[in-house]
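Asker: So the chains spell out like this:
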Amino acid sequence: MNERFHEAQDELLTGLLRTIVARLPVGEEPEWLVERVLSSVVDRFFTVDSPIGRMYVGVGLRGVRFVQRGGSPEDFARSYRERFKRLLVEGTDTPTRNLTEKVATALAGKRVEVSLDLSETTPFQRRVLEVVKSIPRGEVRPYSWVAREVGSPKASRAVGTALANNPVPLLVPCHRVVKNDGRVGNYAFGAGEKARLLKLEGVSLDEIVRTPYIAACTTKIVCYATCRNVGRIHPENRRPFRSVREALIAGYRSCRVCRPVVT
Amino acid sequence: MDTGSKAVEEKVGLDPLPACLANGDPRAPRELVERHHAELYRYALTMLGNSSVAEDAVQEAFERAFVALGRYPGERIRALALRAWLYRIILNVVRNLVRGRSRELLVAEAPDKGFRPVSDLGDEVREAWLDVLAALERLPDRQRVAVTLRYIQDLPYSEIADITGTPLNTVKTLTRRGVERLRILLIDPA
Numbered sequence: 086m087n088e089r090f091h092e093a094q095d096e097l098l099t100g101l102l103r104t105i106v107a108r109l110p111v112g113e114e115p116e117w118l119v120e121r122v123l124s125s126v127v128d129r130f131f132t133v134d135s136p137i138g139r140m141y142v143g144v145g146l147r148g149v150r151f152v153q154r155g156g157s158p159e160d161f162a163r164s165y166r167e168r169f170k171r172l173l174v175e176g177t178d179t180p181t182r183n184l185t186e187k188v189a190t191a192l193a194g195k196r197v198e199v200s201l202d203l204s205e206t207t208p209f210q211r212r213v214l215e216v217v218k219s220i221p222r223g224e225v226r227p228y229s230w231v232a233r234e235v236g237s238p239k240a241s242r243a244v245g246t247a248l249a250n251n252p253v254p255l256l257v258p259c260h261r262v263v264k265n266d267g268r269v270g271n272y273a274f275g276a277g278e279k280a281r282l283l284k285l286e287g288v289s290l291d292e293i294v295r296t297p298y299i300a301a302c303t304t305k306i307v308c309y310a311t312c313r314n315v316g317r318i319h320p321e322n323r324r325p326f327r328s329v330r331e332a333l334i335a336g337y338r339s340c341r342v343c344r345p346v347v348t
Numbered sequence: 003m004d005t006g007s008k009a010v011e012e013k014v015g016l017d018p019l020p021a022c023l024a025n026g027d028p029r030a031p032r033e034l035v036e037r038h039h040a041e042l043y044r045y046a047l048t049m050l051g052n053s054s055v056a057e058d059a060v061q062e063a064f065e066r067a068f069v070a071l072g073r074y075p076g077e078r079i080r081a082l083a084l085r086a087w088l089y090r091i092i093l094n095v096v097r098n099l100v101r102g103r104s105r106e107l108l109v110a111e112a113p114d115k116g117f118r119p120v121s122d123l124g125d126e127v128r129e130a131w132l133d134v135l136a137a138l139e140r141l142p143d144r145q146r147v148a149v150t151l152r153y154i155q156d157l158p159y160s161e162i163a164d165i166t167g168t169p170l171n172t173v174k175t176l177t178r179r180g181v182e183r184l185r186i187l188l189i190d191p192a
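In order, the protein sequences belong to chains F and Y.
Residue numbers for the first sequence follow this note's numbering, so the first one is 86 and each next one is one higher.
Residue numbers for the second sequence follow this note's numbering, so the first one is 3 and each next one is one higher.
No lab work stands behind these hints, which were simulated from the structure alone.
Hints are supplied without guarantee of correctness; some may be wrong.
[Unchecked claim] Just some of the chain F residues that point at chain Y, by a computed CB distance under 7 Å:
no. : residue
1   : 106
2   : 123
3   : 167
4   : 195
5   : 197
6   : 199
Every residue gets a Cβ at the ideal spot worked out from N, C-alpha and C, and that includes glycine.
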């Protein structure tokens, strides 16, 4: 067969291929297919109001990874990418909407469990964050207490550093950790914001500076001034102390709930 | 699908998507998937012949792409020709699948089950499509890739050369020989 005939046939064939391909539906991608791909290749973010302003929240498959205040969505996505090497899309899916509600409830002061993904932190930092997460609203603890609780009693400064790099402020309430003498200490969003947050939560730092420890003369137990047990001591039975040691010498013992550090 | 102009846009850097991805635009990742999912899926389906294997291949290609997008410096993302880059990834994924699993296995799975995107075609087109797939399956790898990219994916030769890292004239030759061979398989079986 001659070449021209073959060429004609090749044209026929490519024509046929094109016809078939043209009739294959390509059109619109079903939304769920795109969502399915996205769900495993990118993380999600949403915004939520808090006492210190609008917060961006970044969420991976295992939980909240990053909380940051203010800026544009692009700013947040860029710092998220730098930190976690993942891209972000706005979470409009149902799980993200449910989580948004949960986080808003948590920031409003209700006790709800929000799952956190702290896999990008060091083991020490993770222990610190776990301990700080347990400090209830309306209470504060000093850095030395956190250090003792994580099993490194001399590491108060390292605790400070770990909290300064807290990826999920508010959800891990690092603002509830104050200086050992009751002064407010540093905060990622400024010491003023920290004091304001604590005041909103019902903590009076002035009183803590004056009387960091309160004991009950009836039970002979000494607590941090914000320990929940202090609220149950009748005002006339309260005894203020400047240090735990003083209280121990006076015959008191440490509270088993707030476990004050002996200094 | 306006392939031609898209290719040109990317070439002269008019495609805004790489910059959006680098700048953290939260709509950009979805846009990237929406824009390229269908063509990557069609390529994978043509090469692998099985819809669930093809879906997994596309998923893996996007996973690799987004891992890279998470790690590349912004400048590198801005300089990406996204379409060609994604094709290079899916080509690798598909090649590994074909190599990793025995070809017989893929072919054995191939018979028309699960051809989701073509299931609503008329019988005639469907038959023709399956014939083409079966014939493509019998081409040497490089010819098969070239023919698929040229005639199924409708990419220009220059872009195929870029994607496969093959000189332009070699791409043309591979495509021509592939088509010749397809003709023998489809029209002139004798």
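Asker: If a hint holds in the structure, say so; if it doesn't, say that too.
Answerer: A quick look at each hint next to the structure:
Because the closest C-beta pair between residue 106 of chain F and chain Y is about 6 Å apart, less than 7 Å, the hint holds. The beta carbon of residue 123 of chain F is positioned within 7 Å of a beta carbon in chain Y (closest approach about 6 Å), and the interface hint is therefore held. For residue 167 of chain F, the suggested interface contact is broken, since its CB lies about 10 Å from the closest CB of chain Y, more than 7 Å. Among the interface hints, the one on residue 195 of chain F is violated; its C-beta lies about 28 Å from the nearest C-beta in chain Y, farther than the 7 Å criterion.
Contact between residue 197 of chain F and chain Y, as hinted, is not supported at the beta carbon level, the nearest pair being about 26 Å apart and thus beyond 7 Å. At about 22 Å, the closest approach between the beta carbon of residue 199 of chain F and any beta carbon in chain Y exceeds 7 Å, and the interface hint on this residue is violated.
Against the hints set out earlier in the document, violations occur for numbers 3, 4, 5 and 6.
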